[in-house]
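Let's have the full structure, built from the sequences with the hints guiding it.
From first to last, the protein sequence lines are chains S and Z. Take the first sequence: its position 131, counting from 1, is numbered 131 in the numbering used here, and each next residue is one higher. So the mapping is simple: the numbering used here equals the position in the second sequence, first residue as 1, plus 375.
Think of the hints as simulated: they come from the structure by calculation, not from any bench. Honestly, I wouldn't trust all of these hints.
[What the hints assert, rightly or not] Calculated pairs, DSSO-like style, for lysine-lysine (alpha carbon to alpha carbon, straight line, at most 30 Å): (1) Z:Lys488 with Z:Lys566; (2) S:Lys304 with S:Lys7; (3) Z:Lys488 with S:Lys363; (4) S:Lys363 with S:Lys304; (5) S:Lys134 with S:Lys363; (6) Z:Lys580 with S:Lys7; (7) S:Lys304 with Z:Lys488; (8) Z:Lys580 with Z:Lys566.
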Amino acid sequence: MVDLALKTLLHDRLRFVITVSGVAFAVTLVFVQAGLFAGILGNASVTIRNLDADLWVTPKNTANVDFANSFPESYLNRVRSVPGVARADNLIVYFMFMTLPSGARETVEVYAMEDFRRWGFPWRVLEGDLDDLKRGPYAFMDDSAVRRFGPFAVGDYREVQSTRLRIVGRTSDALSFTTTPLMFMDYGLAQRMNADLLQGRTSYTVVRLAPGSDLEAVRREIRRRLPYNDVHSRAEWVAHSERYWIDSTGIGLNMVLTVFLGILVGVVVVTQTLYTSTMEHLREYGTVKAIGGGNADIYRIIGKQALIAAVLGYAIGAVMAWGTGRLVAQAGLRMELSTTMLAVVFAGAVLLCLAAALVSFHKVARIDPAMVFRV
Amino acid sequence: MNVLEAVDIHKTFQEGRERVEVLRGISLAVGRGEVVALEGRSGSGKTTFLSIAGCILSPSGGRFAIAGQAVDPANPAGLAAVRRRAIGFVFQQFNLFPALTACENVEFALNVKGRRDRSARREAEAMLDAVGLADRRDFLPRDLSGGQKQRVAIARALAGGPPLILADEPTANLDSQVGEQILGLFRSLAKRDDRGLLIVTHDPKVRAIADRVVRIEDGCIVNGG
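So this is what it looks like as structure tokens:
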């Protein structure tokens with residue numbers, strides 16, 4: 001069977017390239033913008049997602065995981081005694097000052113627990129043994145700190161809150177929306193280093209449920225016992241922390257606007273090139289009708305052309321976005337392209353190209369086949 | 376049996392506030408294997424009649440039948456079906472698809488007629504052989520001469536075996552010698568397969584190959600109907 005749609009596309013190579021470029025540009029823009037948004041937003045909740053807890057007990061009205069108030073650490077006992085709780089531990093999240101070898105002062109975000117290993121946290125250890133953290137003034141630092149603090153290695157010393165700490169391990173992918181590098185240390189050490197504010201206090205209590213226990217029932221009971229705290233499931237706490245940054249920074253609106261502009265540019269380019277192509281091939285479409293074809297035959301031709309442009313443009317756009325992702329990674333930015341996003345953008349590209357073809361459909365529906373007799 | 380039988384065909388166009396009666400009761404029949412030339416000055420209504428006979432335009436009045444079947448002008452889907460089944464067109468401007476090769480042009484017409492298997496390709500090749508373009512099958516229209524393009528158009532019109540072939544000034548864009556060759560070929564192929572051939576023309580050469588010449592003036596047949 002002769003594929004008039006494809007043959008015509010390939011015959012008008014320049015227009016085909018312009019159409020596909022329009023789609024590819026729009027797809028790249030959407031991927032990069034949405035991917036960066038997801039990446040940056042992912043930083044706001046990456047620690048919550050990777051700490052193996054079902055419930056987070058937080059101070060009342062805590063805005064996000066980075067900005068926690070504190071509450072008495074003894075509340076932990078009330079949580080541990082709730083039926084259905086398999087394990088509960090305190091977690092301190094606290095900003096501290098680090099003095100760099102250059103003399104500069106920077107902040108680090110400290111995560112402190114008694115036993116990290118039990119919580120599978122930090123989740124990507126590059127070097128070092130987490131058990132070492134219990135043995136003295138030691139800390140693990142995330143590799144992302146290199147960009148801000150300069151190179152470091154296991155065995156180096158750093159001064160944090162006027163305490164000399166030895167770096168005994170390195171992690172990766174532990175990030176914060178604030179871009180402050182993350183450091184991991186023993187719970188007691190963190191309290192000693194900030195005795196005035198943290199002595200006897202914690203930022204969170206993280207809870208793992210016993211197998212088969214009812215999350216809502218456990219949560220209700222913790223709330224009853226700790227009426228001045230909030231209790232979030234992991235998913236809720238992720239959403240809560242992310243929503244804070246979306247609402248307070250406007251990155252959500254920025255992302256939506258850029259994605260909208262990308263889509264607009266894509267639709268305009270595809271609509272215009274398809275419509276121009278349709279106008280130039282009007283006589284051919286008239287011939288299709290004259291030899292017995294109907295509007296549906298011509299819709300199929302134009303629709304297929306739009307579809308080919310969508311699929312090809314999408315593929316090129318996805319590759320370009322992937323390349324851009326690698327490029328921005330070198331600048332310390334993370335671009336997340338999830339399979340859901342890939343699927344949604346593909347469906348969007350196809351739908352938008354078909355929508356762009358509708359303008360041409362409208363024109364074709366009005367073709368008078370008698371035009372084939374006109375000179 | 377007649378492949379075209381038109382009785383008392385009228386066609387009126389509304390141009391602004393004015394009603395223009397282009398056809399005023401034309402009756403014309405074309406038999407199997409018959410070659411009819413339809414002559415007339417510009418604006419006489421011959422192309423309008425061709426459009427109605429080709430089920431492209433609906434008449435304002437009258438009735439007509441193609442290959443023995445009455446045509447209902449009020450049913451657009453039915454008109455398209457008649458075009459697919461029973462009519463082949465040859466246009467003055469050739470109207471070939473520039474992105475398709477000669478063979479694909481013919482094959483595509485068969486695809487539109489519902490033939491989508493390999494037999495369409497085989498028939499397209501056979502039709503091109505019949506019009507003497509076996510060695511030009513894979514040429515794009517831009518690489519063909521005017522005469523060769525019209526041969527492809529004839530092959531396309533004949534493909535699928537429609538009993539009625541309608542041609543609109545098929546020699547207008549060809550030089551005299553090529554025009555004669557094309558007309559000769561056209562006639563012989565129509566006769567060979569017993570098809571009716573209606574040619575709208577200004578070209579006196581068409582008279583030479585026509586079995587009958589019909590003259591139309593101001594929307595009426597004045598001679599040969």
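Results for each hint:
| no. | hint | in the structure |
| --- | --- | --- |
| 1 | Z:Lys488 with Z:Lys566 | holds (23 Å) |
| 2 | S:Lys304 with S:Lys7 | holds (11 Å) |
| 3 | Z:Lys488 with S:Lys363 | holds (23 Å) |
| 4 | S:Lys363 with S:Lys304 | holds (16 Å) |
| 5 | S:Lys134 with S:Lys363 | violated (75 Å) |
| 6 | Z:Lys580 with S:Lys7 | violated (37 Å) |
| 7 | S:Lys304 with Z:Lys488 | holds (20 Å) |
| 8 | Z:Lys580 with Z:Lys566 | holds (18 Å) |
Of the hints listed earlier, those the structure fails to meet are numbers 5 and 6, in rising order.
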